[in-house]
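Peer 1: Read off the chains here:
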Amino acid sequence: MNEEQTTDYAIKLDIFEGPLDLLMYLIKKNEIDIYNIPIALVTEQYLHYLNIIKSLNLDLAGEYLVMAATLIHIKSRMLLPVPEEPSDEQSEDDPRFELIKQLLEYQTFKEAAADLGKRPLLERDVFVRSAPLPAEIEKPDTEDEEELIEVSIFELIEAFHHLVSRIDKNELLEIDLEKMSITDIINDVMERLTREKNLTFDELIGEKRSRRSVIYTFLAILELIKLKMIKAYQTSAFGVIRVFPAVE
Amino acid sequence: MENIQAIIEALVLVSETPLSMEKICAVLPEVEKSQVQEAIDKLIAEYEDRQSGICLQEVAGGYQFRTRVELANWVKKLRGSKPASLSPASLETLAIVAYRQPIVKAEIESIRGVDVSAPLRGLLDKKLVRIVGRKDVPGKPMIYGTTRKFLEVFNLKDLSELPTLRELKELNQSQESDSTITLQENIEDIPSS
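Note that the protein sequences, when read in sequence, are chains Y and E.
Oh and the first sequence: position 219 is 219 in the working numbering, straight run, nothing missing.
For the working numbering, count along the second sequence from 1 and bump the result up by 1000.
FYI, nobody ran anything at the bench for these hints, they're computed from the structure.
Remember, it's a predicted structure, so these values are computed and weren't measured experimentally.
The reader is advised that the hints may include incorrect statements.
Which stretches of chain E does chain Y cover? Using the computed rule of at least three CB atoms under 8 Å from a CB of chain Y, they are [what the hints assert, rightly or not]:
#1 1060 to 1068
#2 1088 to 1095
#3 1111 to 1125
#4 1147 to 1155
Which stretches of chain Y does chain E cover? Using the computed rule of at least three CB atoms under 8 Å from a CB of chain E, they are [unchecked claim]:
#5 18 to 31
#6 118 to 125
Restricting the straight-line Cα-Cα distance to at most 27 Å, the calculated cross-link-like pairs of lysine-lysine (BS3-like) are [what the hints assert, rightly or not]:
#7 K118/Y / K1077/E
#8 K1127/E / K118/Y
#9 K101/Y / K1105/E
#10 K118/Y / K1105/E
#11 K75/Y / K101/Y
#12 K197/Y / K1126/E
#13 K1127/E / K231/Y
#14 K1105/E / K1157/E
#15 K1126/E / K228/Y
#16 K1157/E / K1033/E
#17 K226/Y / K1126/E
#18 K1105/E / K228/Y
#19 K101/Y / K1135/E
#20 K1126/E / K118/Y
Cβ atoms here follow ideal geometry from the backbone N, Cα and C, with glycine treated the same way.
Please model the complete structure; the sequences and the hints are all you need to start from.
Peer 2: Rendered as structure tokens:
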């Protein structure tokens, strides 16, 4: 039972946009009246989710923990007896008031966002003249950066793995005494980039696919990206990674 | 004088961005603004009557020829490219900026309950949101607002055409007796420890 629940939750996890989204989900799931949230139930389920996120080794954003603390805080306040003062509005004294207000506001904008998304969007539902045809878009020299997506470090590592896996196994046994320094490779990469304007990851690694040179070149590229001297882009997911000098 | 309607049609056709009324009037100084408006309205109606593949639309403070929504699939087939869609996070952030502008990042975050750096940067890159200034509070945070391109992309004449927010209205109605200020005070009344 417990395990089944876990898988059920795991599928849905990535759709949460934050603690408020998770709370809204719990409220909908339990068919709770948003103005009268059973805080004990919601807190329990919320914490349950946090445990799952943790058990999946996902990075638990700090915001989730803040919300957990808020929920527990409200829960404890609910347990305290209400002072016997006459109040003109009951909602004011309700510890849940702020949370409800926040949830309603969030819900409003979530719906507004959905409404916006349903409008006839330019380039999706409606089009204007002067639309370049695909053949024109794919000219490699166009500086249309919108077609390029920035490559994350993970994709670079992926590309690196890909290259390493292609290296001849025998070569891995060689003891390479050739001295290489990252500085040399960095200079080499920058020199080639200024000459060629842009190079693919493969081109940068070159033909000499010894393990050492691949690793050094990769480290050089990472270092250059960190120093913001070059930029890496790719035209599509899993596509060719193209490296540009950062200076315009 | 030639047919005003035809002139306007030509002007709109050659404009890359929505053509504003002022610009049309500048080309036709001898024509009354009301006449121009009338001609535009007729033109819009004609395209509508003809069941044309394009329609003349008022968007982002101007007029522009656009393909009809029902024909999207055919146009996409020609272009072959996938439309760049916005993620839920971006869309939520954009909605908050659109309805609450001018707004600083911290305010967006307090509504969404999460960090909005990434979606906000994406929206800035897409030129849907822009920095309109800096707020005069400690730290001088940047103030964000939507752009003209936002109106163009979302098919809006102007910001007032944004659909009204639903729930918030209801909430305000239920609290009608109280002003917003007292509401605010009540929130602060809740002890933090």
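Peer 1: Now tell me if each hint is right for this structure.
Peer 2: Against the structure, the hints come out as follows:
1. 1060 to 1068: Contact hint for the stretch 1060 to 1068 of chain E vs chain Y: holds, 5 residues under 8 Å.
2. 1088 to 1095: holds (count 6)
3. 1111 to 1125: holds (count 5)
4. 1147 to 1155: With 4 residues close enough to chain Y, the hint holds.
5. 18 to 31: holds (count 4)
6. 118 to 125: The restraint on the stretch 118 to 125 of chain Y holds, since 7 of its residues have a Cβ under 8 Å from chain E and three suffice.
7. K118/Y / K1077/E: 21 Å, holds
8. K1127/E / K118/Y: It holds: about 20 Å lies between the C-alpha atoms, which stays within 27 Å.
9. K101/Y / K1105/E: The given pair, whose Cα atoms are some 19 Å apart, holds under the 27 Å limit.
10. K118/Y / K1105/E: Given pair K118/Y, K1105/E holds - Cα atoms ~25 Å apart, limit 27 Å.
11. K75/Y / K101/Y: Holds. K75/Y to K101/Y sits at ~17 Å (cutoff 27 Å).
12. K197/Y / K1126/E: Distance ~25 Å between K197/Y and K1126/E Cα, so the pair holds.
13. K1127/E / K231/Y: With Cα atoms ~21 Å apart, K1127/E and K231/Y stay inside 27 Å; holds.
14. K1105/E / K1157/E: At roughly 26 Å apart (the allowed maximum being 27 Å), K1157/E and K1105/E satisfy the hint.
15. K1126/E / K228/Y: Roughly 22 Å separates the two Cα atoms, so the pair holds.
16. K1157/E / K1033/E: 19 Å, holds
17. K226/Y / K1126/E: Measuring from Cα to Cα gives roughly 24 Å; hence the hint holds.
18. K1105/E / K228/Y: 26 Å, holds
19. K101/Y / K1135/E: Since the Cα atoms of K101/Y and K1135/E sit roughly 25 Å apart, the hinted pair holds (cutoff 27 Å).
20. K1126/E / K118/Y: 19 Å, holds
Checked against the numbered hints given earlier, this structure breaks none of them.
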